[in-house]
Amino acid sequence: MKTKPMTSTNDSTEETNSRRTIPRRRFLGTVSAASVGLAGCSSSSSSSDGGSTGESNSTSADVPSDKTVVEWAIYPWIKDSMPELRQALWDDGLSEDIYVKHRNLPGNTPGDIRSQYQQWLSAGRSTPDILGADTAFTIPFVAQRQVANLSDRLSNESISTMEDNYVTQLFPTIKSKEGDFFGVQFSSDISAILYRKDLVKEAGYDPEEENWMTESMSWKRFSNVIKDVQKQTDTKHGFVFQANDYEGLSCCNFNEWMTSHGGAYFGGRDNLFGPVGDRPITVNEEPVKNAIKMVRTFIHGQDDEHSLEGYAGNISPEQVLQFTEESSRNVFTNGNSVALRAWPFSWQKAGSEDGFGEDLGLMAHPAGVPESEAKYDGTGGHGRSFIGGYANLLNPNSKNIDAATQVLEHMIGNVEFRYVLLNSAVIPPNLEVLKSDKFQQAPVLGRFIDLIETTAQRAISRPATISWNPESTAISNQVNSSLGRQKSPSKAMSDLQTKIKQIEDRLGDQ
Amino acid sequence: MPEHSSPPLWERPIRFVTFRVEQLSDTQFVYLLLSPVFLLLSIIAFWPIVSTFEMSLYADSLTDPSPIGDFVGFANYVDLFTGDLNALMPRPFFSLENPLQSALIVTLVFTVVSVTIETLIGFGQALILNEEFRGRKWFRVILILPWAVPIVIFGMMFFLLFNSTVGFGSEILHGLGLISTTPFNSTQDSLLLLIIADVWKTTPFMVLLILAGLQSVDRDLYKVAKVAGASRWQRFRYVTLPLVKPILAVAVLFRAIQAMRVYGVIEVMAGCNTVPSLSCMVVGSFQSRYYGTASTIAFITAAIIGVMALIYIWKFREEIA
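For the protein sequence lines, the chains are R and C, in the order given. 340 is the number of the first residue of the first sequence in the working numbering; add one for each residue after it. 4 is the number of the first residue of the second sequence in the working numbering; add one for each residue after it.
For the record, the hints were derived by calculation from the structure and aren't laboratory data. There may be inaccurate statements among the hints.
What the hints assert, rightly or not - Using 20 Å as the maximum straight-line C-alpha spacing, the simulated SDA-like pairs for lysine to any residue come out as follows:
{"hint": "1", "chain 1": "R", "residue 1": "K516", "chain 2": "C", "residue 2": "P51"}
{"hint": "2", "chain 1": "R", "residue 1": "K406", "chain 2": "R", "residue 2": "D436"}
{"hint": "3", "chain 1": "R", "residue 1": "K830", "chain 2": "C", "residue 2": "Q104"}
{"hint": "4", "chain 1": "R", "residue 1": "K575", "chain 2": "C", "residue 2": "T184"}
{"hint": "5", "chain 1": "R", "residue 1": "K540", "chain 2": "R", "residue 2": "N675"}
{"hint": "6", "chain 1": "R", "residue 1": "K575", "chain 2": "C", "residue 2": "G170"}
{"hint": "7", "chain 1": "R", "residue 1": "K840", "chain 2": "C", "residue 2": "T190"}
{"hint": "8", "chain 1": "R", "residue 1": "K840", "chain 2": "C", "residue 2": "T184"}
{"hint": "9", "chain 1": "R", "residue 1": "K514", "chain 2": "R", "residue 2": "E548"}
{"hint": "10", "chain 1": "R", "residue 1": "K514", "chain 2": "C", "residue 2": "T66"}
{"hint": "11", "chain 1": "R", "residue 1": "K840", "chain 2": "C", "residue 2": "Q104"}
{"hint": "12", "chain 1": "R", "residue 1": "K575", "chain 2": "R", "residue 2": "N653"}
{"hint": "13", "chain 1": "R", "residue 1": "K830", "chain 2": "C", "residue 2": "L103"}
{"hint": "14", "chain 1": "R", "residue 1": "K714", "chain 2": "R", "residue 2": "D698"}
{"hint": "15", "chain 1": "R", "residue 1": "K514", "chain 2": "R", "residue 2": "P619"}
{"hint": "16", "chain 1": "C", "residue 1": "K226", "chain 2": "C", "residue 2": "L195"}
{"hint": "17", "chain 1": "R", "residue 1": "K840", "chain 2": "C", "residue 2": "D87"}
{"hint": "18", "chain 1": "R", "residue 1": "K575", "chain 2": "C", "residue 2": "T66"}
{"hint": "19", "chain 1": "R", "residue 1": "K516", "chain 2": "C", "residue 2": "T184"}
{"hint": "20", "chain 1": "R", "residue 1": "K514", "chain 2": "C", "residue 2": "P68"}
{"hint": "21", "chain 1": "R", "residue 1": "K714", "chain 2": "R", "residue 2": "S557"}
{"hint": "22", "chain 1": "R", "residue 1": "K830", "chain 2": "C", "residue 2": "T66"}
{"hint": "23", "chain 1": "R", "residue 1": "K840", "chain 2": "C", "residue 2": "P68"}
{"hint": "24", "chain 1": "R", "residue 1": "K575", "chain 2": "C", "residue 2": "P102"}
{"hint": "25", "chain 1": "R", "residue 1": "K774", "chain 2": "R", "residue 2": "A795"}
{"hint": "26", "chain 1": "R", "residue 1": "K774", "chain 2": "R", "residue 2": "K514"}
{"hint": "27", "chain 1": "R", "residue 1": "K830", "chain 2": "C", "residue 2": "E174"}
{"hint": "28", "chain 1": "R", "residue 1": "K575", "chain 2": "C", "residue 2": "N166"}
{"hint": "29", "chain 1": "R", "residue 1": "K830", "chain 2": "C", "residue 2": "T190"}
{"hint": "30", "chain 1": "R", "residue 1": "K575", "chain 2": "C", "residue 2": "V169"}
{"hint": "31", "chain 1": "C", "residue 1": "K248", "chain 2": "C", "residue 2": "A312"}
{"hint": "32", "chain 1": "R", "residue 1": "K830", "chain 2": "C", "residue 2": "E100"}
{"hint": "33", "chain 1": "R", "residue 1": "K840", "chain 2": "C", "residue 2": "V169"}
{"hint": "34", "chain 1": "R", "residue 1": "K830", "chain 2": "C", "residue 2": "P102"}
Taking the hints into account, I'd like the entire structure generated from these sequences.
Structure representation (structure tokens):
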């Protein structure tokens, strides 16, 4: 018997077949032909893709094709300085066959950048070869050995240069427990209070005479001065800062207010970097709550039930609760605020000829309580800025790992490289270089070197341990909600104490 | 009689397959055609779910170079519901003490409230669009526009609208006593604004599906009901509603599944720290390399969605069959 005829003796089948417009045989034939066609298309498209696959970067017109390209992810604003930075590296002895290519950081906030790096490193991606990373999140990468051990790769001379000359506060964030370097510190970020010198003088104050830059004043006086200047000069706001629910509040703004009032997250500087789970948690203490009360007064005035007596109120708009760096800077540069808390990038912008020029004044952070009255050593008094910064990490999956190591080697101790960077608002990790005439006369930041030197010594870093990420989120949550009057300072800090205890207990044995 | 030549050797397997296919019943033929789809589904849908479940049985690796920790069985699930995992997350997974801080409750509130409002408004608009009136075509086009706006764009639109610095929306709602002056600092206010934004964007989706259901209703039934003396409400209650119910249920199911996975608009408008949803927690813990925790929450979210789908299938099994 050959094939069964399409017509069937079965009535129902016959009826069904009569409804079919395409016989199965033709249907199968058509589908097979279509599949072959699609497979052909697919194969052709993939071969075409394959032909064009390649690093788009390497075909870029501005990158010489005969050089080994080392991709470096770092601050976007230094992109324009890359020709000078490359030249400084070559002048220092880096092989001219190595070309350092700038790449923007993959995100606007430390959290975004950390997440992207986490994914890249987990996926074994080979670029960027050098990862510029906020020291807030280098510790997990170091602990999990996701980045290359530089002590195995860098020369002893470079390691000694870092050990002997770089600011030591950030070493715990780039070194392993065994003491190996996993990062090369790139910048020392400190903050200061920017103010409009022209408005302040118009209101009758003399910042130079009183040496506001390095000696500053108390927060109480600061609030009253700013209120007075705001009123006399009819400026919309007095003081703006960054109090959004984000890393910038927990690491920096709140850390600074709290430290200036003599408070600490973990009972002083000695416990900043551990031992996790075995250190006192001191956020529920009076100095910490006073810091919140002070800022609530700035925002909500003396009518707030948790205001601090003697402080001038209503100098800060409620919008600071949503402000990050750019939003607060815009208010200041648009002339709508007398003062701003900001990083060197903003000093550079606001102090340039396109900004306020010589009318920009800088002041070290005011004091909450005198140093002698502070509960913990190294707290209280003025100049309690946060100190952080970026480190350069080496991607262990890099295809140019030796070239990338050479680039890092020639960044260390390279004075010309640091000078170019200072003019791009990057403060060096080796503060000694700032003493030279060349640096003192640098445009804009050269005017503020005294402040950098005094503040860097008194600054406080964040407790960036393995537990910092969840702790930072908890701190910014609670502080932001209390500043927004959703919780009293006592309730917020009590909740925070509980949460940090849970985190420390869970991660303490890691 | 011409001699019957046997087919060439290479043709025999093809003839055999063709013969076997033609022997199949209609049902068997349908399953045969669907088998590649089932195979594909099992690879792209079933396998990731199984893999996620498997990963949820391992601890997070916090300091070890290996991304996955030790095998811990169902400990992650127990820890999640007892609150032991809350320490590492910005907001608790489930907490009756702070319901609006807990991801599960916030997600369910968002889903129930937004889908209910969208269904009611969508039904009303679909009933209007089902009537004949001049310019109906244009009205339909305009109505669908919000649905076409990408999530990030509409999230940014509403963020700017209710941002206390540049938007005017927060002033109006603050004047009515509904929100504070800085709504994106409060979970409660932000959740309200998210629901408003979601209703604006997604109601057209409901309108389209319900309208399709309304247009499939035989108009003669209304004439018969009218002749029998049924009032407008009775015609709606006993003719429209029962006939539209299956498609309404599909629309609600689709929307509820989408709402349970809400993430993008939260990230753009208020941030996951302010409004914690289940997807926010999955993304947040995944980005922190807490793969065990992320998989556990992801699997629970998938399980909740699966249960919703099963309820629908069970409830409307006759219509589906």
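Okay, the hints, checked on the actual structure:
1. K516(R) to P51(C): violated, 37 Å
2. K406(R) to D436(R): At roughly 5 Å apart (the allowed maximum being 20 Å), D436(R) and K406(R) satisfy the hint.
3. K830(R) to Q104(C): Holds: K830(R) and Q104(C) sit about 16 Å apart, inside 20 Å.
4. K575(R) to T184(C): This hinted pair holds, its Cα atoms lying about 18 Å apart.
5. K540(R) to N675(R): Judged against 20 Å, a Cα distance of about 17 Å means the pair holds.
6. K575(R) to G170(C): holds, 18 Å
7. K840(R) to T190(C): violated, 24 Å
8. K840(R) to T184(C): Cα-Cα ~33 Å, so violated.
9. K514(R) to E548(R): Violated: K514(R) and E548(R) sit about 43 Å apart, past 20 Å.
10. K514(R) to T66(C): holds, 14 Å
11. K840(R) to Q104(C): holds, 19 Å
12. K575(R) to N653(R): holds, 11 Å
13. K830(R) to L103(C): holds, 17 Å
14. K714(R) to D698(R): This hinted pair is violated, its Cα atoms lying about 37 Å apart.
15. K514(R) to P619(R): Judged against 20 Å, a Cα distance of about 24 Å means the pair is violated.
16. K226(C) to L195(C): violated, 43 Å
17. K840(R) to D87(C): holds, 12 Å
18. K575(R) to T66(C): violated, 49 Å
19. K516(R) to T184(C): Measuring from Cα to Cα gives roughly 47 Å; hence the hint is violated.
20. K514(R) to P68(C): holds, 16 Å
21. K714(R) to S557(R): Holds, because 17 Å separates the two Cα atoms, which is no more than 20 Å.
22. K830(R) to T66(C): violated, 32 Å
23. K840(R) to P68(C): violated, 26 Å
24. K575(R) to P102(C): With Cα atoms ~39 Å apart, K575(R) and P102(C) exceed 20 Å; violated.
25. K774(R) to A795(R): holds, 14 Å
26. K774(R) to K514(R): Roughly 27 Å between the alpha carbons, so the hint for K774(R) and K514(R) is violated.
27. K830(R) to E174(C): violated, 29 Å
28. K575(R) to N166(C): Holds, at roughly 19 Å.
29. K830(R) to T190(C): Given that 20 Å is the threshold and the Cα spacing comes to 17 Å, the pair holds.
30. K575(R) to V169(C): Since the Cα atoms of K575(R) and V169(C) sit roughly 15 Å apart, the hinted pair holds (cutoff 20 Å).
31. K248(C) to A312(C): Since the Cα atoms of K248(C) and A312(C) sit roughly 16 Å apart, the hinted pair holds (cutoff 20 Å).
32. K830(R) to E100(C): Answer holds: K830(R) to E100(C) is near 15 Å, not above 20 Å.
33. K840(R) to V169(C): violated, 39 Å
34. K830(R) to P102(C): holds, 17 Å
This entry does not satisfy hints 1, 7, 8, 9, 14, 15, 16, 18, 19, 22, 23, 24, 26, 27, 33, going by the numbered hints stated previously.
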